[in-house]
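Novice: All chains, full assembly: derive it from the sequences and hints.
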Amino acid sequence: MATIADCTERDFTDQKRSEMTFSEFVNVWQGGRYYLKDWHFVRAFPEYNAYTVPHVFEDDWMNEYWLKDNKDDYRFVYMGGDGTFTPLHADVFRSYSWSSNICGVKKWTLFPPGQEQYLKDRLGNYAYDLRQVDPDQFPNIDKAIKITLYQREGETLFVPSGWFHQVENIGATISINHNWSNACNLGMTFRSLCDDLNDVERSIDDVRQGMSADEFTHTCQHLLLVHSGWDWSVFFQMLHCITKRLHDGGRNKHQPDVKWQAEQIDQVLHQRNKEVDRYLDGKGLGTVIPDIEAMIKQLKK
1211 MATIADCTER DFTDQKRSEM TFSEFVNVWQ GGRYYLKDWH FVRAFPEYNA
1261 YTVPHVFEDD WMNEYWLKDN KDDYRFVYMG GDGTFTPLHA DVFRSYSWSS
1311 NICGVKKWTL FPPGQEQYLK DRLGNYAYDL RQVDPDQFPN IDKAIKITLY
1361 QREGETLFVP SGWFHQVENI GATISINHNW SNACNLGMTF RSLCDDLNDV
1411 ERSIDDVRQG MSADEFTHTC QHLLLVHSGW DWSVFFQMLH CITKRLHDGG
1461 RNKHQPDVKW QAEQIDQVLH QRNKEVDRYL DGKGLGTVIP DIEAMIKQLK
1511 K
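So the sequence shown is residues 1211 to 1511, counted in this note's numbering.
Hint data in this document are derived by calculation from the structure and do not stem from the laboratory.
Treat each hint with caution, since some may be false.
[Stated by the list, open to error] DSSO-like cross-link-like pairs, simulated, lysine-lysine; straight-line CA separation at most 27 Å:
1. K1317 with K1330
2. K1493 with K1463
3. K1493 with K1454
4. K1278 with K1493
5. K1511 with K1469
6. K1330 with K1226
7. K1356 with K1330
8. K1317 with K1356
9. K1356 with K1278
10. K1510 with K1469
11. K1510 with K1463
12. K1463 with K1278
13. K1469 with K1278
Note that the coordinates shown come from a computational prediction; the quantities given were computed from them, not determined experimentally.
Specialist: Take a look at the structure:
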């Protein structure tokens, strides 16, 4: 089964999703309504060897961690007919992304960081579809700096962390997309996690008084995992996985200096609060951060 977005039906800030068999989707995909998104094709068909990741994108901490023990991945195939689109958004975890077009044309509208205030209405809601924006609801949207480009067959696009964007397919379009992160955008991914946690804490602040501090923390982390796809335990286990690989000598030539990477990890460790350690200890992960700290000390020598 494949997850299909209906581009004619909005579901909060996204599109209504349903499931079809791939055969069912192929019969309707060029109609301009249904869009196959986030298809884990490579994970589903590992023996096919569909493509090789371009070397400039190989230093990928997210997929390195999630593919360990076959937990998950952020490697996708997208397939949609003319007019199908992805609404305005910034990528998950404020990760990088890259997109290679197999066929068709993608129209990208991208906004660099710092334009967010112009993309919101008076209640703080982001615009959904840039093709249908009510100027009364979004009076400042024309003030936003933007880049519009057309990605053609055989072209690959890199999207930096924190760039809001909307993508529309022109003609029948198939693309490969990866979300990824490494030491270079580690600070942004950590801040994204903290921002998402702050949103969760505000949303249930009215029940805080009826809980112990640890109960409130665990409830917020559970909601964070459901809402954002990760929590403190996932994030710091990812850092442990990467730090151990660096410590054990696992390197690739397309990555920054190892000492510099260790410094970026160390900076994040110093930004955490005491609640992180208590939460990890309660999850049976109390050795994760001390292990990272010990390995970082060795890497920085």
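Novice: Are any of the numbered hints broken by this structure? If so, which, sorted upward?
Specialist: Checked against the structure, the hints that fail are numbers 2 and 9, while the rest are satisfied.
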